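First to last, the sequence lines map onto chains U and E.
End of the first sequence sits at 1634 in the working numbering; the numbers just go up one at a time, nothing left out.
End of the second sequence sits at 1126 in the working numbering; the numbers just go up one at a time, nothing left out.
Since the hints were made in silico from the structure, they are not lab data.
As the structure is a prediction and not an experimental result, all values here were calculated from the model.
Glycine is no exception: its CB is placed at the ideal position from the N, C-alpha and C atoms.
Any given hint could turn out to be false.
To be verified - Simulated pairs of lysine to aspartate or glutamate, EDC-like, Cα-Cα distance not exceeding 20 Å:
| hint | chain 1 | residue 1 | chain 2 | residue 2 |
| --- | --- | --- | --- | --- |
| 1 | E | K1039 | U | D1345 |
| 2 | E | K1039 | E | E1049 |
| 3 | U | K1325 | U | D1391 |
| 4 | E | K1039 | U | E1495 |
| 5 | E | K1038 | U | E1574 |
| 6 | E | K1039 | E | D1050 |
| 7 | U | K1607 | U | E1574 |
| 8 | E | K1038 | U | E1359 |
| 9 | U | K1325 | U | E1374 |
| 10 | U | K1607 | U | E1622 |
| 11 | E | K1038 | U | D1573 |
| 12 | E | K1039 | E | D1089 |
| 13 | E | K1038 | E | D1092 |
| 14 | E | K1038 | E | D1050 |
| 15 | U | K1325 | U | E1359 |
| 16 | E | K1038 | E | E1119 |
| 17 | E | K1039 | U | E1359 |
| 18 | E | K1039 | E | D1092 |
As the list claims (entries may be wrong) - Distance windows between CB atoms, simulated:
| hint | chain 1 | residue 1 | chain 2 | residue 2 | range |
| --- | --- | --- | --- | --- | --- |
| 19 | U | A1369 | E | A1115 | 33 to 43 Å |
| 20 | E | V1051 | U | E1359 | 46 to 56 Å |
| 21 | U | P1360 | E | A1115 | 22 to 32 Å |
As the list claims (entries may be wrong) - Selected chain U positions facing chain E (Cβ under 8 Å, derived; list incomplete):
| hint | residue |
| --- | --- |
| 22 | T1344 |
| 23 | V1497 |
| 24 | I1508 |
| 25 | P1511 |
| 26 | Y1512 |
| 27 | A1517 |
| 28 | D1521 |
| 29 | S1561 |
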Amino acid sequence: MGRKIDLALGVLNGAVGDYLVRTDNGLALPMALHLHGEPVAPTPAALAAAYPEATARVVVLVHGLMNTEDIFAMPGGRDYGTLLRDDLGLTPLYVRYNSGLPIADNGAALSALLSTILGVYPVPIGEIVLLGYSMGGLVLRAATHAAALSGAPWLPRVRRALYVGTPHRGAPTERVGRVVSALLRAIPDPYTRLIADVADLRSDGLKDLGDADLRHEDRARRTLQVTLRDPQHPVPLLPSISHHLVAGALSDERWVRTLFGDAVVPVSSATGWRSLGEGLDPSRVKVFPGMSHAAIPRSLEVYAQLRQWCAAP
Amino acid sequence: MTPTGKKRLLGLRALLEDVVEHGSSAVERVHRETAERTFAVLAAIPPVAGPARVVHDVHDAALTGVYGSIRLVNRAVGAVLTAVIEEATKPDRE
C-alpha cells in the first residue's frame, strides 16, 4: 500500500509538483534520501542507523520524471545501487525529489543536500559516484553546476558521473507538445483553448525537459520551434568529472535509433556528446539496442557496463 | 496516523477542491463563450434582437448562479472534510 502511494505521489509530483509547492500542498514531495521507501534525515544519528556498514565510496542514485527510487528496482530486491555495493563496496544513497519542480531548483537542492550529508555521514567520504536516470541525470548536472558556482565541498569528491537514458539535448516530444499547445491556444475557439489550458498545466520540470534547461536563465530562451537538436547547450559537462553516457534504442536499425531512440529519449540526445563539450571519450558512451526507456534503469546488461566504468581506476 | 499521513490527507483534500474550483471555472468560461456566439447571431437579427437580449441576460445570470453554487458547495465540503480530518487525527484518538 505504502509503495503504491509513493509511486502515485511520484507521478503526481512529476505532473503538477510545481503547483503543489506553490499552493503549499502536503502532497508535494520534499527532496530527501530514502532507504527501503522511508526517508532518512541528514543527521549523524539517522545516517548511522540507516547505514551501519557505510563505506567511504558512495553512489548517489537520482530517479527521473514521475518516478521514485523504485524505478531502479529489479526482481529479487536488487538494483544498480545494491549491486554496486555488493560488487565494488559503494554505499548507495537514493534521492527522492519532486520532479515537477524546475530542474535548476532540484539541482540546487541536491547540491545543498549533498553538502549536508558530507558533514554528517558516518565515515569520511572519499569518492562520490553520481548515477542519474532520465531527468535525474539533468538534475545531477544542475547540481554539479550549482556546486561549481558556490564552491560546494562535495564536488571535488566526484570523480565520475553515470547518465542512464538522460536527454542531454532535450526531449523532442515535449517540444512538439509545446508547439501543439501554442497552436491550440491560437485558434479562436473556447474548446481548443480549454485543451491548451489543460496541456499547459504540466509541470515546470516536464517543460524543462524540452530543451534540457538546467538553469533558470535557460528557460527564458525557449522558442516555439520543433528542432531536433540543441547545438548551443549553455552548460557544458564539468571537465573535472569523468562522464559516462548510456542510451537505449528500441532497435539497432539506424532509422529507429534516429527517430525513436528508447521510445522517449532519442539516442542523439542521450549520447549528445557533440554538444556537451570537447573531450568526451567515445568509449564512455554506450548504446544498448533493444532497450526501452522503461527497461534501461533496471537491466543487468546495463549494470555490467556501469560496473566496468565504476571499477576503473 | 503519522503527521506525514495527515499532511497528505489534507493535501489530497485541497487538491480535489482545487480541481473542482478551477475545473468548474474553465467549463463555465467555455460555456459562456460558446453561448456568446449564438447570442451574437441573434442580436444581429432585428426582429429577435430584443427578446434575445432578455434571454441572454437570464442565461448569464443562471450560468453565474449554477457554477457559483458548484464552487460554493465545493468549498463548504472542503471545509467540512478539513474539520473531519483534523478531528479524526487528533492525538488522543490514536
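For each hint, the structure was consulted:
1. E:K1039 - U:D1345: holds (11 Å)
2. E:K1039 - E:E1049: holds (15 Å)
3. U:K1325 - U:D1391: Within the cut-off at roughly 10 Å; holds.
4. E:K1039 - U:E1495: Roughly 32 Å between the alpha carbons, so the hint for K1039 of chain E and E1495 of chain U is violated.
5. E:K1038 - U:E1574: Roughly 51 Å separates the two Cα atoms, so the pair is violated.
6. E:K1039 - E:D1050: holds (16 Å)
7. U:K1607 - U:E1574: Within the cut-off at roughly 16 Å; holds.
8. E:K1038 - U:E1359: Within the cut-off at roughly 16 Å; holds.
9. U:K1325 - U:E1374: Between K1325 of chain U and E1374 of chain U the Cα gap is close to 29 Å, so the pair fails against 20 Å, i.e. violated.
10. U:K1607 - U:E1622: holds (11 Å)
11. E:K1038 - U:D1573: Violated, because 50 Å separates the two Cα atoms, which is more than 20 Å.
12. E:K1039 - E:D1089: violated (44 Å)
13. E:K1038 - E:D1092: Violated, at roughly 41 Å.
14. E:K1038 - E:D1050: With a Cα-Cα distance of about 18 Å, the restraint between K1038 of chain E and D1050 of chain E holds, given a limit of 20 Å.
15. U:K1325 - U:E1359: Answer holds: K1325 of chain U to E1359 of chain U is near 13 Å, not above 20 Å.
16. E:K1038 - E:E1119: holds (11 Å)
17. E:K1039 - U:E1359: Given that 20 Å is the threshold and the Cα spacing comes to 16 Å, the pair holds.
18. E:K1039 - E:D1092: It is violated: about 39 Å lies between the C-alpha atoms, which goes past 20 Å.
19. U:A1369 - E:A1115: 33 to 43 Å: holds (42 Å)
20. E:V1051 - U:E1359: 46 to 56 Å: violated (29 Å)
21. U:P1360 - E:A1115: 22 to 32 Å: holds (29 Å)
22. T1344: holds (7 Å)
23. V1497: This interface hint is violated because 24 Å lies over the 8 Å limit.
24. I1508: violated (13 Å)
25. P1511: holds (4 Å)
26. Y1512: OK, holds: Y1512 of chain U within 8 Å of chain E, min 6 Å.
27. A1517: violated (11 Å)
28. D1521: Where the cut-off is 8 Å and the nearest Cβ of chain E is about 12 Å from D1521 of chain U, the hint is violated.
29. S1561: violated (38 Å)
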